[in-house]
Each structure stands twice: as structure tokens, then as C-alpha cells.
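Peer 1: The chain contents come next:
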Amino acid sequence: MDVRAYIESGILEQYVLGQLSQEERLEVAQNAALYPDIREEINQIELALERFAQLSGKTPPPGTLEGILSKISTDKPAAPVAILSQWMLPALAAALLLSLAGTLYLFWQNQQLSADFNNAQTAQLQCDSLANEYAVLQRELRFLKDVETRPIVMNGTPVAPEAIAAVYFNTNSQRAYLGGLQLPLPPAGKQYQLWAIVEGQPVSMGVFDLPAREGQFIEVPFIANAQAFAISLEDAGGQPQPTVEQIYVVGNVG
Amino acid sequence: MNVRSDSHPSDEQQLVQLLRQRDRGVIALLYKQYSAALYGIISNLIRDEAIAQETLQDVFLKIWHNADKYDASKGRLFTWMVQIARNSAIDTLRSAQFKHGDKTEALPIYVSNDSSLSEEQTTRDAGLRKVVQALDAQSRQIIELLYFQDYTQKEVGEALNMPLGTVKSRARKAISDLRAILAKENLLMVGIISFIHILMQHFGR
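Just so you know, the protein sequences line up as chains Y and P, in that order. Its first residue numbered 4, the first sequence is counted upward by one per residue in my numbering. Its first residue numbered -9, the second sequence is counted upward by one per residue in my numbering.
The calculated lysine to aspartate or glutamate pairs, modelled on EDC-like cross-linking and capped at a C-alpha distance of 16 Å, are:
#1 P:52 <-> P:13
#2 Y:74 <-> P:44
#3 P:64 <-> Y:40
#4 Y:61 <-> P:39
#5 P:64 <-> Y:26
#6 P:120 <-> P:175
#7 P:158 <-> P:145
#8 Y:74 <-> P:13
#9 P:120 <-> P:167
#10 P:64 <-> Y:27
#11 Y:74 <-> P:48
#12 Y:193 <-> Y:238
#13 P:64 <-> Y:43
#14 P:163 <-> P:126
#15 P:22 <-> P:1
#16 P:22 <-> Y:69
#17 Y:61 <-> P:44
#18 P:163 <-> Y:44
#19 Y:61 <-> P:38
#20 P:64 <-> Y:44
#21 P:163 <-> Y:11
#22 P:64 <-> Y:30
#23 P:158 <-> Y:11
Here are the computed distance ranges between Cβ atoms for each label pair:
#24 P:63 <-> Y:114: 55 to 65 Å
#25 Y:36 <-> P:59: 10 to 20 Å
#26 Y:90 <-> P:15: 14 to 24 Å
Here are a few chain P residues that sit away from chain Y, every Cβ distance over 10 Å (derived from the structure):
#27 3
#28 82
#29 84
#30 127
#31 148
#32 151
#33 152
#34 191
These are calculated hints, taken from the structure and not from any lab test. This one's a predicted model, so the numbers in the text were calculated from it and none came from an experiment. Think of the CB as a built atom: it goes at the ideal place given N, C-alpha and C, for glycine as much as any other residue.
Start from the sequences and build out the full structure, keeping to the hints where you can.
Peer 2: Right under this line is the structure:
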């Protein structure tokens, strides 16, 4: 195709001026797509006429633009979406989804961590209490293994023939423990009280509750020169003198 | 002898993109860039200022609503807008004539004379006067009839008493002359006007 001759035929001017039939227009458009020179020639013709129109322009009366904008803003609200470019909406949705996922993940992780922390704290507490218990048992064991430690077994009286208890005392270390307790549960408002008999007189060694764990030792005050030990059931808080009929166990220092 | 585009060559592409994205802000931009040119074309056909203004508003609404119909491969955005402006103005004119029962009055043939140019525009006038002075009267008339007033070449031939073949060759010559003049003026006058346009765009009207 002779592009030069095609350009000079004037068909492109007629194309821009809208003077061609439907088929002719299509043909020019096809040629323009094929030949860059034709495309550029059309562009130049358009630009010249555009320039001429700009020069012959006339400023519209004031308020024209406002009228246009008010008419556009009252029609269907296509704009909110339109303001975002085509890729921005999916990108925004993706970002939102991502941040939601992130939040959920962090929330989940936080839950996990606080659960882990709670578990660790519980374990720590258990550990502490076990260590404590271990230390107590160690001390008791050391006390019991000491050759100076002497057990005084207290046997049940007619009030409670099945009852039994023991006082372990060590004159060397001046310490005493109550253990091996096999006593019935005291009724409400009552407590057991431990007595030492010194020179024929009962001396209170304090009230105690039955230990939660069987075989647990209770450290008691050390009383020197005790001839015997006894446990009586008294009103809660203890009494200055034991109630003789309520003595459950008694044992002499051999 | 390329005629440089109005200001930035990318402007039109950006405007088209914004228009396609249904960004309402583009209307103000289009208005700034093209309203005077389009209004000039409309008021060539419609002398009544209120009706011409209403028609211009219609044109912009059509541009907004029919943006998806614009095909950049077929031509420039402005060429498409001119088509809308011309058609709207002629439709308005026809319906007005029909309403008034005034069927005898043909479309007003635009007769070229200097008084019709003496509008209030100052910056544009200086450039236009130069171009018009350099362009012969008949070339200008042919361009205005074909481009601004949507005459067919046959109608131009009838109005100017010219065979169709002559109209066609005169049309090409007119546009070639226009291009040559604009290319010559381009660096000087259009450059200054573009500069003023840019200034106006940046600092408001």
C-alpha cells in the first residue's frame, strides 16, 4: 500500500471530519492500526482542528461547571467505587483480609502464650510446693534418723482404745515432733490439745488440727524433763488444764 | 511539521483514564481544558446564551455517561467530544425549531466575518487573529462548516456553490494550511498560550 498517496488522497481529513460512511471509517481505522504513519497523520489532523477549536473557543457563562457537577452528583452513586482504580479495590480487600488474618493469628498466638504462661505458672507453683514439701520431709527424715531422737508412743485410753500417736523428741537439738496420728475426727468446735506432764503437772504444748496428709509430722514445742505426753479433746482454742475424761491417748517417757 | 499538542501530551491519556475510572473529579479537569472550545462550537450554532449553556452542560453529562463508548483507537478524546457537542447543539436547534413551528428556517449558515470573532476572549483572540489572518477566508469557512457545524460535504458544496470534488480537495487544503500556520505559530503564540493555560490551571481561573 502506498501510504503517501493514501495520506494525500484526503480521506484522513474526511475521516476526522466525520464525512465517511461506516465501511470507509472502519477501513481507515484498520489502516491506521496497520501503518503508524497513517495513525500519526490522523493525530496531526485532529490536533490542528483541536488547536483551532481552542483558539476559537469562548468562555462559558459562570455557574456552568457547578450545574454539571450538581447533576452528576445526583445520579447513581457510582463514584465511591470509581475513585479507586480497578486494581485498588481487590488490593484493599486483600490487605483487609490479610490484616484480619494477621489479627486472628496474633489473637490465637496470644491465647496460646497466655495458656502456656498459666501452665508454666501452675507448674512453677507445683514445683515450689514440692520443693517445700521435700525440704520438710528432708528435715523430718534427718530428725528421725538422728540417734538422739526418741519416739514416745501414746496408746489409746478407754475413751478411744483404737487411737494412737507418738511424740518424737531430741534433747540434743531441743526439737520435738508429733506424728503417727490415728485419732478420730474431732466434732465441730473441738480441737485436740497436746500435753506434757512435768513433775506431775500438765503443761500445754498447744492445740493442733489433724494433718491433711496421713503420716505428716507436726512440729511441737520442746519440753525438757517431760515424764509423759497426752492428747485430750478440748473446746477449740484449748484449755489451761486437760479435761481428764477426754484424754484420748497417753504415753510415758520410758 | 508536527503541531505540538496543547500542553502535555500525556494529559489526554490521563483524562481518559480518569474518565474510565468514573472519577468525578475528571469533569472539572475536562471542563477547564475543553469547555471554551466546546462552548465556542456550540455557540456558533446556538446564539441564545442560556440555551447554549444548557447544551454545554448536557454535553458534559453525555461525556460522563458515555465515557465507555469512547474508543481511543478511533481518534482523540477531543474529536469525540466535538462530535457530541455538535450533535447535541443540532438536536437542540431542531427541537427548538420544531417547538416554534419554524420549519422553514434552515440551519444557520455560518458566514465568516470578523465581527463574529470579536468576542470578549482576550488571550485566545490574539492567537486566533493570527491564524485567521494567515488562513484564507474560504479555508476557514470550510473548516468551520465541516468541523464546527456538522455540515456534510454535499451541503457545503450547495451552500458555497461548489462541486463535491472541489469541496473535498478544498477541505484537505484548508486543514493542510491550518497545520502549516499552527506549526509556524506553534513555538511562539501557542507556546505562550499553553504557558498561560498552565498558569491558569495551577493558580485557578
